[in-house]
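J.: So the protein sequences, as listed, match chains A and B. Start counting the first sequence at 1187; every next residue gets the next number (this note's numbering). Start counting the second sequence at 6; every next residue gets the next number (this note's numbering).
Just so you know, the hints here were simulated from the structure itself, not pulled from any lab data. Hints are not guaranteed to be accurate.
Calculated Cβ distances over 10 angstroms to all of chain B for the following chain A residues [unchecked claim]:
| id | residue |
| --- | --- |
| 1 | Ala1203 |
| 2 | Pro1216 |
| 3 | Ile1246 |
| 4 | Asn1247 |
| 5 | Thr1258 |
| 6 | His1261 |
| 7 | Pro1265 |
To give an idea of the chain A side of the interface with chain B (calculated C-beta under 7 angstroms), a few residues [stated by the list, open to error]:
| id | residue |
| --- | --- |
| 8 | Gln1228 |
| 9 | Gly1229 |
| 10 | Leu1230 |
| 11 | Phe1290 |
A few chain A residues that don't get close to chain B, going by computed Cβ distances all over 10 angstroms [unchecked claim]:
| id | residue |
| --- | --- |
| 12 | Val1205 |
| 13 | Leu1242 |
| 14 | Lys1255 |
| 15 | Val1298 |
Note that beta-carbon positions come from the ideal geometry of N, C-alpha and C, so glycine has one too.
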Amino acid sequence: AQSVTQLGSHVSVSEGALVLLRCNYSSSVPPYLFWYVQYPNQGLQLLLKYTSAATLVKGINGFEAEFKKSETSFHLTKPSAHMSDAAEYFCAVKINNAGNMLTFGGGTRLMVKP
Amino acid sequence: DAMVIQNPRYQVTQFGKPVTLSCSQTLNHNVMYWYQQKSSQAPKLLFHYYDKDFNNEADTPDNFQSRRPNTSFCFLDIRSPGLGDAAMYLCATSGRTGTSVGQFFGPGTRLTVL
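Required output: the full structure, derived from the provided sequences and hints.
T.: Spelled out as structure tokens, the structure:
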């Protein structure tokens, strides 16, 4: 069965600093992986997705993630944090052979200090 | 723009008073999902429709029901809301397997139970 672990329920960075949000997955088959962002009182917005094409995936708002099979990781990064990046971030893996069903990680709340 | 719409955005109900939440989509997706999300937690899948086929998660309480009268609309009925049902309710859609990957979320309905 597929599963996702997000290390660190809270991450705090200074404005302009590197953002690194960690996601590790387990899957018996090549996975499809996603990062979603959720602002307060909003739904989930897709940031980026890995679907077995390029291992470095670029998303919206300057975020990118790299699929590393050897490390079973799909960490999310952004070179320079902006105040508007403060939100909850969820990593998810598609449950194979089940349409587009997803398993979510526990989420990481990103705080950006001025 | 194609989108997922949820109404109302905020709903207040009384303990035990039935409530219905609404979701509509203009994406023409055949799969629709309902999630419950409590504070600082990942979304929890309640059920989903694959076309008209209803799929209930094993641990979804009987208090939660759903209707999908057509492709565009899906409703979540909470027959007798308890204080523990206060949460954000998220609707999501996805296309047929192989045509698109991932789920598209609405903005959510925040339910308060008094």
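J.: None of the hints should be skipped; say for each whether it holds.
T.: Verification of the supplied hints:
Every C-beta of chain B lies more than 10 angstroms from that of Ala1203 (chain A), the closest at about 23 angstroms, which supports listing it as non-interface. Non-interface status of Pro1216 (chain A) relative to chain B is upheld: no Cβ of that chain comes within 10 angstroms, the nearest being about 13 angstroms off. For Ile1246 (chain A), the non-interface assignment is confirmed: its Cβ lies about 13 angstroms from the closest Cβ of chain B, beyond the 10 angstroms cut-off. Residue-level check passed: Asn1247 (chain A) sits 16 angstroms from the nearest beta carbon of chain B, beyond 10 angstroms.
Against chain B, the non-interface label of Thr1258 (chain A) holds: every CB pair exceeds 10 angstroms, the least being about 19 angstroms. The claim that His1261 (chain A) lies off the interface holds: its Cβ sits roughly 18 angstroms from the closest Cβ of chain B, which is beyond the 10 angstroms cut-off. Annotated as non-interface, Pro1265 (chain A) keeps its C-beta farther than 10 angstroms from every C-beta of chain B; the closest such distance is 25 angstroms. The beta carbon of Gln1228 (chain A) is positioned within 7 angstroms of a beta carbon in chain B (closest approach about 6 angstroms), and the interface hint is therefore held.
Residue-level restraint check for Gly1229 (chain A) holds (minimum Cβ-Cβ distance to chain B is 4 angstroms; threshold 7 angstroms). At a threshold of 7 angstroms, the smallest CB-CB gap from Leu1230 (chain A) to chain B is about 4 angstroms, leaving the interface hint in force. Interface restraint check: Phe1290 (chain A) against chain B, minimum CB-CB distance 4 angstroms, threshold 7 angstroms, status holds. With a cut of 10 angstroms on Cβ distances, Val1205 (chain A) stays outside the contact zone with chain B, its closest approach being about 19 angstroms.
Against chain B, the non-interface label of Leu1242 (chain A) holds: every CB pair exceeds 10 angstroms, the least being about 18 angstroms. The Cβ of Lys1255 (chain A) lies farther than 10 angstroms from every Cβ of chain B, with a closest approach of about 18 angstroms, so its non-interface assignment holds. The claim that Val1298 (chain A) is not at the interface with chain B holds, since no C-beta of that chain comes within 10 angstroms of its own (minimum 18 angstroms).
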